[in-house]
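Given chain C, work out where chain G should sit, using these hints.
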Amino acid sequence: MKINIDGHIIEVDPGTTILQAARMIGGPSVPPTMCYYSKLDDCGGKCRCCLVEVTKGSEKDPRPMPKLQPSCVTAVQDGMEVKSATSERALKARRSVSEFLLINHPLDCPVCDQAGECDLQNLAYGNENYKSRFKEQKRTFEPEDIGPYIQLHMNRCILCYRCVKLADQLTQERVHGVICRGDHAQISTYVSRAIDNDFSGNVIDVCPVGALTDKTFRFKSRVWFNKPFNAHRDCPKCSGKVVLWMFGDTIQRVTARKDEYHEVEDFICNECRFEHKENVEDWVIEGPRKFEKFSVINANNYTRPLKKVKIEVDDLTLEGRKQDEKKISMKSSPYDEDELNAINEVKGE
Amino acid sequence: MSIKNISLSGKKVEASRKKMSFLESIYFIAILKGMMITIRHFFKKKITVQYPEQKREFSPVYRGQHVLMRDQEGRERCTACGLCALACPAEAITMTAAERKKGEEHLYREEKYAAVYEINMLRCIFCGLCEDACPKEAIFLTKSQEMVKVGMDRESFIYGKDKLVVN
Chain C
1 MKINIDGHII EVDPGTTILQ AARMIGGPSV PPTMCYYSKL DDCGGKCRCC
51 LVEVTKGSEK DPRPMPKLQP SCVTAVQDGM EVKSATSERA LKARRSVSEF
101 LLINHPLDCP VCDQAGECDL QNLAYGNENY KSRFKEQKRT FEPEDIGPYI
151 QLHMNRCILC YRCVKLADQL TQERVHGVIC RGDHAQISTY VSRAIDNDFS
201 GNVIDVCPVG ALTDKTFRFK SRVWFNKPFN AHRDCPKCSG KVVLWMFGDT
251 IQRVTARKDE YHEVEDFICN ECRFEHKENV EDWVIEGPRK FEKFSVINAN
301 NYTRPLKKVK IEVDDLTLEG RKQDEKKISM KSSPYDEDEL NAINEVKGE
Chain G
1001 MSIKNISLSG KKVEASRKKM SFLESIYFIA ILKGMMITIR HFFKKKITVQ
1051 YPEQKREFSP VYRGQHVLMR DQEGRERCTA CGLCALACPA EAITMTAAER
1101 KKGEEHLYRE EKYAAVYEIN MLRCIFCGLC EDACPKEAIF LTKSQEMVKV
1151 GMDRESFIYG KDKLVVN
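Chain order of the listed sequences is C and G.
Be aware that the first sequence starts at 1, since it is given in the numbering used here, and climbs by one per residue.
Be aware that the second sequence starts at 1001, since it is given in the numbering used here, and climbs by one per residue.
Rather than coming from a laboratory, the hints here were simulated on the basis of the structure.
Be aware that one or more of the hints could be misleading.
What the hints assert, rightly or not - Quick list of in silico lysine-lysine cross-link-like pairs, PhoX-like style, CA-CA up to 20 Å: (1) C/K67 to C/K92; (2) G/K1044 to G/K1033; (3) G/K1102 to C/K215; (4) C/K131 to C/K92; (5) C/K227 to C/K165; (6) C/K237 to C/K39; (7) G/K1136 to C/K135; (8) C/K241 to C/K308; (9) C/K60 to C/K2; (10) C/K2 to C/K56; (11) C/K258 to C/K290; (12) G/K1161 to C/K220; (13) C/K258 to C/K293; (14) G/K1136 to G/K1161; (15) G/K1102 to C/K220; (16) G/K1101 to C/K220; (17) G/K1101 to G/K1161; (18) C/K46 to C/K165; (19) C/K60 to C/K92; (20) C/K215 to G/K1101; (21) C/K131 to G/K1136.
Said to hold, decoys possible - One side only, chain G facing chain C, incomplete, derived with CB under 7 Å: (22) G1082; (23) A1097; (24) E1099; (25) K1112; (26) P1135.
What the hints assert, rightly or not - To be clear about the criterion: a stretch of chain C counts as covered by chain G if any three or more of its residues have a C-beta under 8 Å from a C-beta of chain G, and this derived list gives those stretches: (27) 108-115; (28) 219-228.
It should be emphasised that the depicted structure is a prediction, and the values quoted were computed from it without experimental measurement.
Beta carbons are placed, not taken as given, at the ideal position from N, Cα and C, and that holds for glycine.
For reference, chain C alone in the conformation it holds in the complex (with noise of 0.2 Å):
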């Protein structure tokens, strides 16, 4: 099947949605989104952060599509014309999506542990909403506490329903769920029971937004000022392949991989994720992670090797005359013996 999307043409099986086939092509054709996961089965369609443009519905039906459509869950028809970063009314259209987003969202980023590698901050930045034009009361929720693991904080949930989805297809037994309708949903376990699956903890890589974060790292760092390394260890568990945020020689969290989406590569355990963080040893340590150019996370990194300067003063005064070798010091040319005893005098003291 034929899809032109922004005028890229690209050739997609049968049952592609148009959001796959813009990550086929990539760049700035690719709509940001929030609630799908390529990795979790009947995900997506919530937030509305994909909304495209379809020109022309097909080869056998050319009309447009007369409203904005969902890209994750709208699939793929023959000849079918999209515009995603270059239609106008798209844009917009994400635009107030991430407004909408933003309105019950407590923007703490300063206090939330997120900040820096939040979807919900790349999606306000990219559609550019830095105003906010709500003025009335958010909504708040009482916090609860969610077991040992995982800090539950509803305030900052955006209802994407990617941990929920994520419990069902991973893990034997879910215990939480969106409670509640409309204005007063949520993400709880209703009856205070402690999330405690040996894969629970991967729903802090899927959150799109701080809601649920690592409690073990809570307040410890931000996670710019961590430097990132992939490493591995034998799991028998999962594949034991996880990125670790160092901070001198200290681990101070422990996070799955994730591809230029955001979304995990592969999952991880709760013991790799929690169970590690004293011994560096227990990691087989592979090399610096790399992050998006325009990732905070680079800020004082530097993963490129860097040129050691070599000075060479000795060589260049070499070929001097002889009083002002003598005069340097240099190590081919010993210090005399007037030199040396004030030298000791000096160290004497």
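Chain G only, in chain C's frame:
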């Protein structure tokens, strides 16, 4: 050219060997010329000030020592978000965050606060980028003309919260 004549610094100047006349050799005119310059300066406006009794007028954009502000209710504004440390070109600022406990609501404004907040005054270049970066309007560079206190050890130049937070 032999190596003896090469000037390593490139500033070598050959001295003049001209013979002086009688008038020149008693140096009277030369001294007079020098004294004229000295005497002329007696009547000029003095450019020195008698510090510390007298203080020079500062530029309106002058930036002095830092303070960490409190809000109207006396709670600390800083939430240890780390943006000042990120913006700091001299990497002078370090901090450690802590979580606010129950009963400390009158001390700290947000649920996170800076347990340790240190500025190394030897590193600080008083550029004011921390002030710009602060999202909570917590850190400010004051107009205070008081300089950083002289010290003999480096530890005395690392200013902690005891010196930075306003009372």
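Which numbered conditions among the earlier hints are violated in the structure presented, ordered from lowest to highest? 5, 8, 19
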